[in-house]
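> Build the full structure now, drawing on both the sequences and the hints.
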Amino acid sequence: MNNLWDLYLQQFKTTFASMVQYRASLVIWMISHVLEPLVYLIVWSTVSLTGGGSVGDYTTRQFAGYFLVLMLVNHVTYTWIMYEFEYRVREGMFSVALLKPVHPIHSDIADNISSKLITLPMMIVVAVGLGFMFHPVIAPPVWALASAIPALVLAFMVRFLLEWTLAQSAFWTTRVGAINQIYFVLVLFLSGQIAPLTLFPKFVQIIAGVLPFRWMIGFPVELLLGRLSPEQAWAGIGAQLVWLLVGYALFRIVWRAGVRIYSAVGA
Amino acid sequence: MNYLRLLFVFFRVNVLGEMAYRANFFIQLFQSMVELVTALLGLAVVFSYTNTLGGWNPNEVLALVGVYFLVGGLIGLVVQPAMGKLIESVRDGTLDFTLAKPEDAQLLVSIQRVEIWKLIDIVLGFGVLTTALVRLGEHVGGWEALSFTVMLLAGVVIIYSFWLILAALSFWFVRVENILEIFQSVYEAGRWPISLYPGWMRFALTFIIPIAFVTTVPAEALTGRLTVETLAGAVVLAGVLFALSRAVWRVGLRQYSGTSA
Amino acid sequence: MSSNAIHIENLQKIYVVSERESGVRAAFQSLFHRRTSEVRAVDGISFNVDPGEIVGFLGPNGAGKTTTLKMLSGLLHPTTGDASVLGFVPSRRERAFLRQITLVMGQRNELYWDIPPLDSFELNRAVYRIPTADYRRMLDELTDLLNLQELLHKPVRNLSLGERMKCEIAAALLHTPQVVFLDEPTIGLDVTMQRRIRSFIAEYNKRFGATVLLTSHYMADVEALCKRVIVIHHGKLLFDGDLSRLVQKFTAHKTIIVQLEQPDADLSSYGELVSHDESHYTLRVPKSETAHITERLLADLPIIDLLVEDPPIEEVIEQVFAQEGA
Numbered sequence: 001m002n003n004l005w006d007l008y009l010q011q012f013k014t015t016f017a018s019m020v021q022y023r024a025s026l027v028i029w030m031i032s033h034v035l036e037p038l039v040y041l042i043v044w045s046t047v048s049l050t051g052g053g054s055v056g057d058y059t060t061r062q063f064a065g066y067f068l069v070l071m072l073v074n075h076v077t078y079t080w081i082m083y084e085f086e087y088r089v090r091e092g093m094f095s096v097a098l099l100k101p102v103h104p105i106h107s108d109i110a111d112n113i114s115s116k117l118i119t120l121p122m123m124i125v126v127a128v129g130l131g132f133m134f135h136p137v138i139a140p141p142v143w144a145l146a147s148a149i150p151a152l153v154l155a156f157m158v159r160f161l162l163e164w165t166l167a168q169s170a171f172w173t174t175r176v177g178a179i180n181q182i183y184f185v186l187v188l189f190l191s192g193q194i195a196p197l198t199l200f201p202k203f204v205q206i207i208a209g210v211l212p213f214r215w216m217i218g219f220p221v222e223l224l225l226g227r228l229s230p231e232q233a234w235a236g237i238g239a240q241l242v243w244l245l246v247g248y249a250l251f252r253i254v255w256r257a258g259v260r261i262y263s264a265v266g267a
Numbered sequence: 001m002n003y004l005r006l007l008f009v010f011f012r013v014n015v016l017g018e019m020a021y022r023a024n025f026f027i028q029l030f031q032s033m034v035e036l037v038t039a040l041l042g043l044a045v046v047f048s049y050t051n052t053l054g055g056w057n058p059n060e061v062l063a064l065v066g067v068y069f070l071v072g073g074l075i076g077l078v079v080q081p082a083m084g085k086l087i088e089s090v091r092d093g094t095l096d097f098t099l100a101k102p103e104d105a106q107l108l109v110s111i112q113r114v115e116i117w118k119l120i121d122i123v124l125g126f127g128v129l130t131t132a133l134v135r136l137g138e139h140v141g142g143w144e145a146l147s148f149t150v151m152l153l154a155g156v157v158i159i160y161s162f163w164l165i166l167a168a169l170s171f172w173f174v175r176v177e178n179i180l181e182i183f184q185s186v187y188e189a190g191r192w193p194i195s196l197y198p199g200w201m202r203f204a205l206t207f208i209i210p211i212a213f214v215t216t217v218p219a220e221a222l223t224g225r226l227t228v229e230t231l232a233g234a235v236v237l238a239g240v241l242f243a244l245s246r247a248v249w250r251v252g253l254r255q256y257s258g259t260s261a
Numbered sequence: 001m002s003s004n005a006i007h008i009e010n011l012q013k014i015y016v017v018s019e020r021e022s023g024v025r026a027a028f029q030s031l032f033h034r035r036t037s038e039v040r041a042v043d044g045i046s047f048n049v050d051p052g053e054i055v056g057f058l059g060p061n062g063a064g065k066t067t068t069l070k071m072l073s074g075l076l077h078p079t080t081g082d083a084s085v086l087g088f089v090p091s092r093r094e095r096a097f098l099r100q101i102t103l104v105m106g107q108r109n110e111l112y113w114d115i116p117p118l119d120s121f122e123l124n125r126a127v128y129r130i131p132t133a134d135y136r137r138m139l140d141e142l143t144d145l146l147n148l149q150e151l152l153h154k155p156v157r158n159l160s161l162g163e164r165m166k167c168e169i170a171a172a173l174l175h176t177p178q179v180v181f182l183d184e185p186t187i188g189l190d191v192t193m194q195r196r197i198r199s200f201i202a203e204y205n206k207r208f209g210a211t212v213l214l215t216s217h218y219m220a221d222v223e224a225l226c227k228r229v230i231v232i233h234h235g236k237l238l239f240d241g242d243l244s245r246l247v248q249k250f251t252a253h254k255t256i257i258v259q260l261e262q263p264d265a266d267l268s269s270y271g272e273l274v275s276h277d278e279s280h281y282t283l284r285v286p287k288s289e290t291a292h293i294t295e296r297l298l299a300d301l302p303i304i305d306l307l308v309e310d311p312p313i314e315e316v317i318e319q320v321f322a323q324e325g326a
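Listed in order, the protein sequences are those of chains R, A and C. Each residue of the first sequence is one higher than the one before, counting from 1 in the numbering used here. Each residue of the second sequence is one higher than the one before, counting from 1 in the numbering used here. Each residue of the third sequence is one higher than the one before, counting from 1 in the numbering used here.
Rather than coming from a laboratory, the hints here were simulated on the basis of the structure. This structure is a prediction, so every number in the text was calculated from the model and none was measured. Just to be clear, a hint being listed does not mean it is correct.
[Stated by the list, open to error] Selected chain R positions facing chain A (in silico; Cβ < 10 Å):
1) 27
2) 32
3) 46
4) 51
5) 55
6) 81
7) 128
No residue lacks a Cβ here, since even glycine has one placed at the ideal position from N, Cα and C.
Pasting the structure below:
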């Protein structure tokens with residue numbers, strides 16, 4: 001365990017040191033993370049304003065709260081590993097990783113977290129600034145705030161595991177772009193990024209509940225907004241745990257198969 | 001005209017090159033369809049709760065989405081690949097080959113690369129647009145069609161000039177391609193009528209990254225809400241930006257040739 | 001058996017590749033009927049290496065050298081056959097195994113581009129769980145042997161190719177691996193740097209008793225470092241033994257270099273004239289007749305100097321490959 005901590009620490013240092021070079025990509029990344037929820041915030045606020053001040057169970061100001069919180073939660077749980085993987089397999093960079101006596105996922109997790117340590121504060125500043133503009137209503141009870149922390153951690157782990165596993169499709173096909181795209185669309189609709197899930201027809205909500213996407217993003221958002229009862233919160237954490245196990249199982253199976261394929265063909 | 005001949009030649013070369021990658025057709029088709037379905041589904045969700053969005057009815061917004069894809073396809077077909085290649089060629093010095101040719105360099109760099117399968121986006125956008133117009137019924141007349149075409153052309157010229165200025169920055173700065181990526185992210189905002197956005201955003205999307213002129217404005221032309229001021233403004237801006245971009249290009253070229261050995 | 005550092009038996013690596021002719025018709029046909037063929041990258045080779053040996057792998061491109069190294073380091077699974085390194089089965093990729101080996105490939109880069117090598121070294125320290133004291137000691141030794149003092153704190157992108165290669169090698173050895181696989185380690189480097197890397201490898205082998213398996217194009221690498229040479233061609237093992245024996249076994253010729261006073265003598269009756277440089281003449285003669293021809297030369301001509309040599313090893317190797325290729 002000590003060694004793992006040491007490894008993460010070193011990886012953090014390495015990412016920080018390299019990050020100066022990647023300022024521009026970080027900025028681009030943040031712009032799209034801000035712009036998308038902002039656009040939907042505006043769209044739904046407009047609908048709400050012309051619709052008598054609310055749509056479904058959200059008032060105009062609650063929409064603002066929803067999308068600003070979504071902005072941050074999405075950012076916290078976001079991964080970009082799918083793009084990297086294809087590049088790695090193509091350039092044969094996996095050989096270096098496979099020679100090491102540690103699992104390559106560790107450096108990716110560390111890289112992800114350390115990048116966000118820099119970008120998250122800035123995102124929070126932007127979100128707060130936008131908050132002054134759009135007057136969100138966010139009033140969660142204290143227990144919801146407290147339970148949001150494990151919910152966020154679990155959300156990140158579930159999302160990371162699933163997306164890392166998905167990224168390994170690069171071992172089997174070069175059409176990774178198409179796979180990624182389908183995945184992104186599913187996430188977009190079923191995690192609550194286009195609209196709060198309660199605004200969707202019932203059957204969509206059920207599907208979203210069965211699939212992991214709501215638990216990756218939508219659930220922590222709803223929790224932070226204080227829109228869930230304690231029972232619902234517990235159920236949500238439970239769903240996250242289930243998906244964590246499923247994700248981990250998938251991850252191990254796919255990784256072993258992926259390495260076998262890679263080792264059969266080589267780099 | 002010489003320009004047209006050159007255009008044709010470059011187009012042909014690019015197309016022949018692309019035809020070797022037939023799979024790319026299907027990939028692009030898939031990607032474009034997924035994007036379109038996403039946009040339409042988003043529209044469906046929004047309009048299940050309302051009949052009007054900032055004064056735009058569903059079919060008008062649908063027309064906007066059509067324009068969005070159509071123009072996106074145009075930009076992706078010619079502007080983006082060429083400008084991307086320009087930045088590369090400044091960086092690795094292959095611009096020299098282009099400069100050695102006996103044709104106007106700006107023309108050459110602007111048509112040197114074509115992403116042929118973006119035609120799919122254009123076709124899809126056109127399809128959506130037509131559907132929307134049919135549903136709008138008799139509201140589309142000759143004046144609308146004409147002003148739409150003019151606005152579309154003006155918009156494309158504006159975007160082209162904008163991209164050229166950005167690409168020309170690579171004469172002075174190194175990591176310019178990242179800026180082009182920002183455009184992609186910001187372009188998404190063009191799927192909704194600009195009038196929805198707060199003032200500062202409208203300003204940014206009109207004058208800083210001029211997306212309004214290629215999406216909302218042409219759509220306004222078609223839906224009969226285009227004002228004469230906007231029309232004139234767009235045309236003037238197109239002219240000004242085009243001239244400006246040519247000037248920046250010239251200065252940059254001098255900079256490049258001065259420093260390259 | 002278990003005293004071997006490396007043990008390979010009948011190792012095979014067979015790739016199946018699909019073939020397709022050009023044209024629309026062929027493309028259509030290929031939808032229904034995939035024509036495949038086999039590529040035998042490694043076709044049944046066997047050898048053992050003792051701990052502490054430095055063995056050179058020779059062979060032209062595509063001979064199977066890199067493939068063999070990859071199978072020995074666990075990157076590639078053999079199709080058939082056994083491989084064992086330090087008692088481990090490489091393809092199992094056990095942690096304990098990976099901690100004791102290293103593979104240095106010419107084009108692969110593990111150092112992060114934008115930061116000084118030292119930072120990447122620290123990362124390796126964590127990855128390989130090197131105790132701090134050992135790490136410090138090894139770092140000092142490597143810095144000393146490779147002259148890295150000036151380089152450790154500069155971002156890697158500011159280093160020249162040779163400097164970077166030295167740092168990559170250092171990074172690969174920080175955990176003092178017992179088995180070192182080197183794949184074309186001096187490729188692309190200038191002569192001075194090549195020599196330095198060679199002497200470093202020899203020194204590392206001497207100090208730490210590591211087993212070294214080295215592939216190279218450059219005969220100079222192999223000549224300088226390896227007493228034992230394995231020649232591979234078309235995936236098959238052609239020769240395994242002393243370098244000098246290689247020359248003996250595969251060459252039918254010797255080279256006689258003669259220095260005469262006259263600049264334009266005709267020596268064609270003595271042997272094949274390979275080159276002529278003012279007063280120096282290089283002749284190629286059949287091995288069996290070397291003594292006889294030397295006698296004749298000494299008797300017939302006013303010779304200032306005469307030297308009998310083995311032909312350059314490149315020639316020998318070429319001959320070997322030419323023979324097998326036929």
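> Now tell me if each hint is right for this structure.
Hints versus structure:
Restraint check, residue 27 (chain R) versus chain A: the minimum CB separation of about 8 Å is within 10 Å; hint holds. Annotation: residue 32 (chain R) was flagged as interfacial toward chain A, and the flag holds, the nearest CB pair being 4 Å apart, inside 10 Å. Look at residue 46 (chain R): its Cβ gets to within about 5 Å of chain A, closer than 10 Å, so that hint holds up. The beta carbon of residue 51 (chain R) comes within 6 Å of a beta carbon in chain A, closer than 10 Å, and the hint placing it at the interface holds.
Hint status for residue 55 (chain R): holds, given a least beta-carbon distance of 5 Å to chain A, under 10 Å. About 18 Å separates the beta-carbon of residue 81 (chain R) from the nearest beta-carbon of chain A, more than 10 Å, and the hint is not met. This hint is violated: residue 128 (chain R) has a C-beta 17 Å from the nearest C-beta of chain A, more than the 10 Å allowed.
Violated hints, listed in ascending order, are 6, 7; each of the other numbered hints is respected by the structure.
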